[in-house]
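Protein chains: 2
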Amino acid sequence: MLCIGLDVDLDKIPKHLLVLDDPIFEFNKAIIDATQAYCIAYKPNIAFYEAYGVKGWKALKRTIDYINDEYPDQFTIADAKRGDIGNTSAMYAKAFFEDLNFDSITVAPYMGKDSVEPFLEFEDKHTILLGLTSNSGAEDFQFLKSDSDFLFEKVLRTSQTWKNSRQLMYVVGATKADYLKTVRKLLPDSFLLIPGVGAQGGSLEEVCKFGLTGDYGLLINSSRGIIYASHQEDFAEKAGQKALDLQSAMSKYIN
Amino acid sequence: MLCIGLDVDLDKIPKHLLVLDDPIFEFNKAIIDATQAYCIAYKPNIAFYEAYGVKGWKALKRTIDYINDEYPDQFTIADAKRGDIGNTSAMYAKAFFEDLNFDSITVAPYMGKDSVEPFLEFEDKHTILLGLTSNSGAEDFQFLKSDSDFLFEKVLRTSQTWKNSRQLMYVVGATKADYLKTVRKLLPDSFLLIPGVGAQGGSLEEVCKFGLTGDYGLLINSSRGIIYASHQEDFAEKAGQKALDLQSAMSKYIN
Chain Z
810 MLCIGLDVDL DKIPKHLLVL DDPIFEFNKA IIDATQAYCI AYKPNIAFYE AYGVKGWKAL
870 KRTIDYINDE YPDQFTIADA KRGDIGNTSA MYAKAFFEDL NFDSITVAPY MGKDSVEPFL
930 EFEDKHTILL GLTSNSGAED FQFLKSDSDF LFEKVLRTSQ TWKNSRQLMY VVGATKADYL
990 KTVRKLLPDS FLLIPGVGAQ GGSLEEVCKF GLTGDYGLLI NSSRGIIYAS HQEDFAEKAG
1050 QKALDLQSAM SKYIN
Chain A
810 MLCIGLDVDL DKIPKHLLVL DDPIFEFNKA IIDATQAYCI AYKPNIAFYE AYGVKGWKAL
870 KRTIDYINDE YPDQFTIADA KRGDIGNTSA MYAKAFFEDL NFDSITVAPY MGKDSVEPFL
930 EFEDKHTILL GLTSNSGAED FQFLKSDSDF LFEKVLRTSQ TWKNSRQLMY VVGATKADYL
990 KTVRKLLPDS FLLIPGVGAQ GGSLEEVCKF GLTGDYGLLI NSSRGIIYAS HQEDFAEKAG
1050 QKALDLQSAM SKYIN
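Chains as they are written, first to last, in the numbering used here: chain Z, 810 to 1064; chain A, 810 to 1064.
No lab work stands behind these hints, which were simulated from the structure alone.
Do not take every clue at face value.
Which copy? The list can't say, so a pair holds if one copy fits it or any two copies do.
What the hints assert, rightly or not - In the DSS-like style, the derived pairs of lysine-lysine whose C-alpha atoms are separated by at most 27 angstroms in a straight line are:
#1 K954 with K972
#2 K903 with K821
#3 K994 with K1018
#4 K824 with K903
#5 K934 with K994
#6 K963 with K1018
#7 K903 with K867
#8 K994 with K1061
#9 K821 with K870
#10 K903 with K864
#11 K1061 with K990
#12 K870 with K1047
#13 K994 with K954
#14 K838 with K1047
#15 K903 with K972
#16 K934 with K972
#17 K1018 with K990
#18 K870 with K934
With the hints as constraints, model all of the structure from the sequences given.
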């Protein structure tokens, strides 16, 4: 249930990689090889690739191809926060599900049903809708109340009525662990992607306490805490150790 | 005040372009040359480039470079609907404002203040926030009422309190023209980007009636209605004619 976020920043990766042809991919490959035994998913954060233009997009393609070829059992998430009118969402779905062959993508809900359904049309793929996010700005709109519901509750409830909603998963921030109870009332069985453990300050114990359904149902993401565990030549080995530590910490809360 | 949307779909462009090395760019170049006298802005829809992977990203880069080099007075909009936690939004801002050198980008509001402010830090750039969108799914959440405000009103009002909010523009769909009065009460001077005239059914007359502030303040977008005016060899000429027609129709509402 550990997901590792691949947020590759050239300012943060070990300096000895920068002389290589494709340092972003080489960093990812080493991290993936060292951590794959301890996680079940990888989540490249698309912004970090787009920031490097064509070079970044090529590194993203090589990274997802590497995971799909070498570790086909890993679940892959394009953390892209897309969403637009229907014909445009259909193009985003094509980009991430067909061209790049990710298993899933994160999608923003503001534009409603017809902005999300084109993603849901891909029946062997998953669409991960933003429910409650881990950042401070979540307070601005997600907690606005109408009738007796918060906006994020409306998003969860309404989206469950959409076509192919069984393929929906949801983002729920670890920093909002006390609301996981509310989320679980609305979505007893849905898979939740939980960012915000670690660098953003979320508590693993609380997330597991309120979010687990039986022994499963949570995909807990860690990015910077794992991939930047060391900035030296031993970066991959240290990332593997951190991933193992986090996986062990999680396993205490299962059973 | 006409903005032309560059939503390039290889299934819709003239067949004779498909034999060229970079048909997406060649199509855009011809459209831009033929229409630039009648518009003040171009808006590539990023999904349509991402759908073609590395090849699409290269065509996007060539397109924005071409506009910036040949027609530097044109205002450029990356229609990308991005938005994420702070450090990720900063990477998206870097991608579109630095690497690609767009003048502006469209951004989704669901994640609140700290997801938008990294874009606003670029003081010579504009951030175009989704207010009220033109699609049917806008009804799902944007019209939820809390206190006496719709969600979209809260988004407009709250965002005006953010740092560097003078660089904000807003998306307001043409299909919601009757709400433009409400929008103009909250944002008397802001520039509005209005999609949805044409293919989506919005009325130019109503948009101008309710949205104009003095002689300005609106950027009205047309995409498919202009760029796919013809699917033959005369596609650029016909696009120029359509752009001129729309510009003339708009000028009736300006004194």
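Now for the hints, and whether the structure bears them out:
no.	hint	verdict
1	K954 with K972	both (26 angstroms within a copy, 25 angstroms between copies)
2	K903 with K821	between (31 angstroms within a copy, 16 angstroms between copies)
3	K994 with K1018	within (14 angstroms within a copy, 47 angstroms between copies)
4	K824 with K903	between (35 angstroms within a copy, 21 angstroms between copies)
5	K934 with K994	within (25 angstroms within a copy, 43 angstroms between copies)
6	K963 with K1018	within (24 angstroms within a copy, 34 angstroms between copies)
7	K903 with K867	both (17 angstroms within a copy, 17 angstroms between copies)
8	K994 with K1061	within (24 angstroms within a copy, 56 angstroms between copies)
9	K821 with K870	both (21 angstroms within a copy, 26 angstroms between copies)
10	K903 with K864	both (21 angstroms within a copy, 14 angstroms between copies)
11	K1061 with K990	within (20 angstroms within a copy, 57 angstroms between copies)
12	K870 with K1047	within (25 angstroms within a copy, 37 angstroms between copies)
13	K994 with K954	both (18 angstroms within a copy, 23 angstroms between copies)
14	K838 with K1047	within (14 angstroms within a copy, 49 angstroms between copies)
15	K903 with K972	within (18 angstroms within a copy, 36 angstroms between copies)
16	K934 with K972	within (14 angstroms within a copy, 39 angstroms between copies)
17	K1018 with K990	within (9 angstroms within a copy, 48 angstroms between copies)
18	K870 with K934	within (18 angstroms within a copy, 30 angstroms between copies)
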